[in-house]
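*Asks:* Residue numbers (the numbering used here), protein chains in the order written: chain A, 330 to 1000; chain B, 14 to 327; chain C, 2 to 226; chain D, 2 to 487.
Bear in mind the hints are in silico, worked out from the structure with no lab data behind them. Treat the numbers as computed from the prediction; the structure is a model and nothing was measured. Check before you lean on any hint, since a few could be wrong.
Claimed, not checked - Just the calculated beta-carbon pair ranges, DEER-fashion: (1) C:His93 - D:Thr55: 54 to 60 Å; (2) D:Leu97 - A:Gly964: 21 to 27 Å; (3) A:Ser999 - D:Gln204: 51 to 57 Å; (4) D:Leu7 - C:Arg33: 51 to 57 Å.
Claimed, not checked - 27 Å max Cα-Cα, derived DSS-like pairs, lysine-lysine: (5) D:Lys99 - D:Lys30; (6) D:Lys439 - A:Lys432; (7) A:Lys481 - D:Lys361; (8) A:Lys481 - D:Lys30; (9) D:Lys300 - C:Lys220; (10) D:Lys106 - D:Lys26; (11) A:Lys432 - A:Lys793; (12) A:Lys885 - B:Lys65; (13) D:Lys374 - A:Lys432; (14) C:Lys220 - D:Lys361; (15) D:Lys99 - C:Lys220; (16) D:Lys374 - D:Lys300; (17) D:Lys361 - A:Lys970; (18) D:Lys361 - D:Lys439; (19) C:Lys220 - A:Lys970; (20) D:Lys361 - D:Lys99; (21) A:Lys432 - A:Lys791; (22) B:Lys61 - A:Lys885; (23) D:Lys300 - A:Lys970; (24) C:Lys220 - C:Lys100; (25) D:Lys106 - D:Lys185; (26) A:Lys927 - A:Lys791; (27) D:Lys99 - D:Lys300; (28) A:Lys481 - D:Lys374; (29) D:Lys374 - D:Lys30; (30) D:Lys99 - A:Lys481; (31) A:Lys705 - A:Lys885.
No residue lacks a Cβ here, since even glycine has one placed at the ideal position from N, Cα and C.
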Amino acid sequence: MILHLAYSAVLLSLASAVFALLQTRFNALVFLFLGLSGAFAIAAGVGELLDQTVLIDKIPLGLPWQAWHIRFDGLSAFFLLIIGIAVFVVSFYAPNYTMNEQKDPQSFAVLSLFTGLFIAGMMLVLLADDAFMFMIAWELMSVASYFLVAFKHENSANRRAAFLYLLMAEVGALLIILAFGVVASFADGFTFDALRASAIPTIWMSIAFGLALMGFGMKAGLVPIHVWLPEAHPVAPSHISALMSGVMLKVALYGLIRFCFDLLPEVHWQWGVVLLIIGTISALSGILYAMMQQNLKRLLAYSSVENIGIIVMVLGLSMIFLANNHKELAALGLVAALFHAFNHALFKNLLFLGAGMIHHQTHELNIDMLGGLIKKMPETSVLFLIGCMSISSLPLFNGFVSEWLAFQTALQVDVLDNGVLRSMIPVSAAALALTAALAAACFVKVFGLIFLGVPRSRHAEKAKEIDSFSMMIAPVILATFCFFFGIFPSVILDLLSGVTSHIIDATLPQTSVLTPLWLAPVSMQQASYSPFLILISVLITALVLFFFLHGKGATKARIVPTWDCGFGALSPRMQYTSNAFTMPLRRIFATAFLIDEKIEKTMRENTKLNVAEVRYSLHIQDHSWVHVYQPIERGVNRVAKQVGRIQTGNIRTYIGYSLATLILLLWVVSL
Amino acid sequence: MNWAIAILQTVLFVALAPLLAGFLKFCKCRLQNRRAPSFLQPYRDLLKLTRKQPVISENASWLFYVAPYIIFTMMILAATVIPLIAVDMPTSESADVIVLVGFFAFARFFLALAGLDIGTAFGGMGSSREMTISSLAEPAMLMAVFTITMTASNTDLSGAILHILHSGSTLHPSFVFALFALILVAVAETGRIPVDNPTTHLELTMIHEAMILEYSGRHLALIEWASQLKLMLYGVLIANLFFPWGIAQSFTFGALSFALVVLVLKLVVLSIFLALAETAVAKMRLFRVQEYLGFAYLLGLLGMLSHIILESTR
Amino acid sequence: MNIETQDFYTQAILSMSALVGLMSFLMLGQGRLPRLIFVFAMQGMLLTLTAILAASELHSPHLYISAFLTFALKVVFIPVMLQKQVFAMNIHRDVEALKNNTTVMLSGASLMIFSYYVLQPIIHTSSMIMLNTLVVSLSVVLLGLLLMISHRQAVAHVVGFMSIENGLFFAAMAATDGMPMVVELGVAFDVLVAAVLFGIFFFHIRTSIDSLDVDMMNKLHEVER
Amino acid sequence: MIAVYLLLFLSVAGIAFFALTGHHKDIGKLNTYINAMNLAITVWLATTVYQHGTILSESKAFLIDSFNVYLIVLTAFVGFTTSLFSAPYMAHEIELGKLTEGRLKLYYSMYQGFMLAMYLVLTTNNMGIMWVAMEGATLATVLLVSLYRTPESIEAAWKYFILCGVGIAQALFGTILLYYAAEKLGNPENALLWSVLHEEAAQLNPDILKISFVFLLIGYGTKIGLVPLHNWLPDAHSEGPTPMSAVLSGLLLNDALYAVVRNKMLVDGATQSHIAGYLMMGFGLVSFLVAALFLHRQKDIKRLFSYSSIEHMGLMTFAFGIGGSLATFAALLHMTVHSLVKSAIFVTVGHAAQIAGTQKMAQIRGLIRTQPKVGWGLLIGTVAIAGFPPFGVFTSEFLVLLATMREYPWLTPLLLLGIGIAFSGLFRHIQPMVYGEKPEGQLPIKANLIPVMVHLGFALWLGLAIPHFLSDWFSQATLLISGSAL
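One chain only, chain A, in its complex shape (with noise of 0.2 Å):
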């Protein structure tokens, strides 16, 4: 019944997909296949994560000898629930903001046919039971993202996005069957079953382990090989943006879930200590990196590639727990990136949904040009301001709750024997906590630049609020799911405690309390948090507070122009710009980018002294992109112009190529 679900979800969106191919003249029915694929998503992943039964199945398709498995257990549907609610949102969301491509059919067609085949593959990767299925369906994934990212090929900047996504892409899929293909050889087939069972030595074993996690981390967008996530998220449609940042980078994350924790037969603490440091590199030159940018889906990227950071960091963690045999610790770990994952999906799209409004109201996603939309589009202020403080991790709101476990889990250190794990958690909880200061900088930064201050463009004087419905469901929905698994994360974390019985046979300490009122995930001696009574304080003390201050007798505030000191008129270019904003930072933190920064004065030519003008340009790039992308595309460059030299075009030449190989054949098996 549930699977049938799960199967429906899949069909609903292929089907949104031909339908879009059919080019008719109702684009609503496509979506409405879409809303109903998410809704069929979520129904199936609740339902699955509710009764912890495998659910196991074969599909005549693939190769002759060997059907493509099925299988749906608690991990692939807590993943499915993410898609489906991400799908769904979209799905009210889209309507609207693909007004424009709607007028050209064939536009229209390609964005959705590719949107369905996207979702569909993201889901055919959670039901995957064998590697031949699982590569198909991750294919099917990148190759249809590629196309969304090359949607607008008119702009060249994006075709060379959408190469270098298409590239990365590949290369990451390559890895990940020779990843397969390493346990496959030690094993029987390679159905996942196979796998699971597979005789494989230590040392292969760790080489498996690297492959899987260079080639889903490509995916993932870890530090050094994130290079292409930045360049490709910002290009595709915002509701695609969402959907890539939010959800896309999530089945990575669970391809890695599923190939460490699951596939292969153990773990070793020393993969965890490469996912920690990995973990917390990425985390922090991820919010470095989104701290300096001034276009605003190229942030939420970057960012991107921070939580997913925090998020194998805590992988890690839980890996190092595990492999010292302490399994409810594990657990706990697993549940706090399982949770993170989740809240990110919900407040990444958020916000990506709130980019695409603020572009759609505006044309304009440079932080510069905006400025004073609180008062413009008052609604989305407060979704993105939620938004914000969710992804800053402020107590009340779901990010916190994910952090707070995430800082649990590392500080149970002290029952490891190793002294030097014991010394290293801690520093990376310190990292962590430094990447949620960073990053709450970050959103200051971008909130207030956005939506506070006066205008800094005509756009942003002429933004309105956006007036369909439907489009302000979707981030309506999100925000209240961001608030409400703030106040109770025990809905989440209880369906989550058997997802990790699946994984690593082993749940949350039985002293751990998850009520909606009490969360204490080792014990209520050790750490206890209760969001609910905080709200209730807050409100309380609130409504104290304005009883005094507003109650009678309270003045009403006088309102003025802004005291300028004195000088005449205040302009908006006297406002901090992003980059003026981060300058403190990007000064302390200088060695993480390379900064290209000028300064050019022109004098008056009769004196020497006083500037006629002064011209300020920054260009920040990032390592990885010119000390790991650039030498390796150099080189296959240099090595074809090499090669090509045997092709001189004299016939004369060819004819002495075979000769020599003839003879050094007939030379070979003389021998």
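Using the hints provided, position chains B, C and D relative to the given structure of chain A.
*Replies:* Just chains B, C and D now, kept in the frame of chain A:
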């Protein structure tokens, strides 16, 4: 009963905060050979501000209005978490030290936004600097606090304090580092010299003041009070976490009143130290703050390591 | 065992093979096209004789046919056609300056030795001394390749190509006294068509680059110039 | 058996008819009809073989077994669809004045000639005839390569002629050695019949077969386009008319590989060693990698895809070289999907070149905006050939990788490297051509894209689920070639 105590303690917290600020000012004036205003001066200022009619820029949005309330509320919540005169408060169960940091972050978030709301250069400058410093201070603070909580294997403050109380007068080398780290962080977070100077309005140096430049009347009162409360919170945190002796473990009147007296003494000592420091040290350049906080982080790290290397049982 | 102990027929075949090999060497060193073609015709003649000899000795009638085919194609048709072309295009006078001729010769000799070395295992599969001629035929093939490498004239390439065919034919006869008839016919047919096509191509090449120097044909390449 | 004769007869008739009768307007249609009939015949043949198993003609001249029967069908199919495409294409060329009526006659008769040679190569049981037919294929196509009579085309044709001629000559030497080895077993008349040789493979002298295989591999390898014997291939593909490139890439290379594999089976039987496999693996891997690198430096769109053909042939050769059931199955599948997809790509490429009026990739721009069908066809085709699922190419590459991982793990990184390089090489050129705004005054043309859709559709089908009868064929062929069932 417990709840009553808890609420009373919180009220006490809020009530005493201006007094601490006043006393601190008093000490400083004395150290600098100036005639000091009375301890109660802060109360008078707050009262006056609440009476005055707020003057607000026309650019201000609703966020500008609500920010002060949010900030103040968050500080009060923080006050409910930190044990003042008694441990085992039901309120302190609801949030642990990480949440405490979260509350501070929450307040800061809105303070910075409020700074950006009017759209003046000063506001942006203040928010930018505030976020920079805090994002450096937070990890240092957590490092310091984690040292304690790992010793107590408990991130609830009252739990940690109890653990330290029961472990008797064992001398933890790690605590020394943690203490100094926390003091440094506290100075930075509460915007005192040498990181920030609460008394100046010189645009090149001001941080906290730059953000609240546009506030007036009751809003300003709330923010001022909140920052005084913050100072008190850090003071109490340091005092009760590292020198918990005297804090009431049973809700008898005697214990509580004794605890109060002890606490006052602790705070007096602390504020004298702070005053001394502020008189002796000069404000540092903005871009030396990272070194300062880096040092704090280092101390926290050393505390952590010495806990793991020197104090753990294995 | 050595050649003295063999009967006349074997001796004849062996000497024939020696001559055929010699012809290949002569072609290798030949710069003038008319002479080159003549030598090629000689080689064809030798092959025909060998075929007839073998046919009469082994009483296998179909060898007569292949002898006739060889004569018709390799002695009459192709050489005549090539000569015509050469004179028509008026290149019968120009001599191709063969660079480092001695090296080519030496490498040709070493190719012969190499082919002997390679075919060693095959030769040892039977006591038939006739098999040694296989070595000659292989070296004729290789020398044909070498001829094409060392010469730049398209006509010379055709001659080289055809002399490779000679080598093959000789091999077929020496090792297996003739392939099955149907194959023989097929091969002959292919050779015929090939010859015709070559004729057409000379014309095309001539018109397109008005020369028959294959080194002029190097527009299609992958090198950065 | 009648089917085979009918097949060959039809082709011969086609040659004669086109060559003799004067030009008439629906000559293209006629060609299509003949190929359609051939396709029908081959399907009939296939079904009979599918039901009754291997067929050996009374004269033992023809052998149809599970290995070649599906290649025959494939040949007929590609021949048919390409003729569908070539009719309007050639008509358009005539309009452009690139061709004369006479040449068109030549084109069509040679088209049939080529098909005849292909059928003969596949159906014959006699290794000698196989050689003759293979040479015949060269002779039939060489004039088509120089059809346009441009200096480049003539140069290309000459190189094609000489290099393939020389190569094929070496193959003949190998055949002679094979004959010699077999003749020692008695009855010289049957000594070249593959069926006989395959039965008695064990008695054949291994040393001779080893040497003969070297000659055969180099000879037919030249036609497969194995590096470093490949040099004729890109020239011939890029200069000839596009339908020719389609059939060359889709069929000729396959059949040459088919010949090599047939011989490999004999050698394996005789030597009981893996020497032939090693040679093929070495050749295949080198071709695969080198061709992948060449892709990066191309400026001409047809050269680009001919290098990609070299790359894929290299992969198949490698896979056959590995031997073993999995690899062989993969290689057979890859043969099929590659010729399907590649010929489809050449069709779109032809249209693209006609739209832009040039084969220079630098001047082909904005295809999707100009003529969406062509643009998408090219893009999807490239996606398929680059090995993205759910197209069949992925399936076969996946299996090859797994097989390699089993047998020679240390070679897999090289394979992956090759795939990655090839992919980037293709896409860096394709993207700017299909995407972007359309250039000024670029107009859509009359194009027949049904072949493309059909081919890609089949490729997709094979990727998602291999139909039962086909998988049966493949597994029987696998059993035949590798000697071990899946």
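*Asks:* Take the hints in turn and mark each one as holding or not.
*Replies:* Hint-by-hint comparison with the structure:
{"no.": "1", "hint": "C:His93 - D:Thr55: 54 to 60 Å", "in the structure": "holds (57 Å)"}
{"no.": "2", "hint": "D:Leu97 - A:Gly964: 21 to 27 Å", "in the structure": "violated (42 Å)"}
{"no.": "3", "hint": "A:Ser999 - D:Gln204: 51 to 57 Å", "in the structure": "violated (22 Å)"}
{"no.": "4", "hint": "D:Leu7 - C:Arg33: 51 to 57 Å", "in the structure": "holds (53 Å)"}
{"no.": "5", "hint": "D:Lys99 - D:Lys30", "in the structure": "holds (20 Å)"}
{"no.": "6", "hint": "D:Lys439 - A:Lys432", "in the structure": "holds (19 Å)"}
{"no.": "7", "hint": "A:Lys481 - D:Lys361", "in the structure": "holds (25 Å)"}
{"no.": "8", "hint": "A:Lys481 - D:Lys30", "in the structure": "violated (41 Å)"}
{"no.": "9", "hint": "D:Lys300 - C:Lys220", "in the structure": "holds (13 Å)"}
{"no.": "10", "hint": "D:Lys106 - D:Lys26", "in the structure": "holds (11 Å)"}
{"no.": "11", "hint": "A:Lys432 - A:Lys793", "in the structure": "holds (22 Å)"}
{"no.": "12", "hint": "A:Lys885 - B:Lys65", "in the structure": "holds (10 Å)"}
{"no.": "13", "hint": "D:Lys374 - A:Lys432", "in the structure": "holds (20 Å)"}
{"no.": "14", "hint": "C:Lys220 - D:Lys361", "in the structure": "holds (15 Å)"}
{"no.": "15", "hint": "D:Lys99 - C:Lys220", "in the structure": "holds (21 Å)"}
{"no.": "16", "hint": "D:Lys374 - D:Lys300", "in the structure": "holds (23 Å)"}
{"no.": "17", "hint": "D:Lys361 - A:Lys970", "in the structure": "holds (19 Å)"}
{"no.": "18", "hint": "D:Lys361 - D:Lys439", "in the structure": "holds (16 Å)"}
{"no.": "19", "hint": "C:Lys220 - A:Lys970", "in the structure": "holds (18 Å)"}
{"no.": "20", "hint": "D:Lys361 - D:Lys99", "in the structure": "holds (17 Å)"}
{"no.": "21", "hint": "A:Lys432 - A:Lys791", "in the structure": "holds (24 Å)"}
{"no.": "22", "hint": "B:Lys61 - A:Lys885", "in the structure": "holds (16 Å)"}
{"no.": "23", "hint": "D:Lys300 - A:Lys970", "in the structure": "holds (13 Å)"}
{"no.": "24", "hint": "C:Lys220 - C:Lys100", "in the structure": "holds (24 Å)"}
{"no.": "25", "hint": "D:Lys106 - D:Lys185", "in the structure": "violated (47 Å)"}
{"no.": "26", "hint": "A:Lys927 - A:Lys791", "in the structure": "violated (33 Å)"}
{"no.": "27", "hint": "D:Lys99 - D:Lys300", "in the structure": "holds (22 Å)"}
{"no.": "28", "hint": "A:Lys481 - D:Lys374", "in the structure": "holds (18 Å)"}
{"no.": "29", "hint": "D:Lys374 - D:Lys30", "in the structure": "holds (23 Å)"}
{"no.": "30", "hint": "D:Lys99 - A:Lys481", "in the structure": "violated (37 Å)"}
{"no.": "31", "hint": "A:Lys705 - A:Lys885", "in the structure": "holds (24 Å)"}
Comparing the model with each earlier hint shows violations of hints 2, 3, 8, 25, 26 and 30; every other hint is respected.
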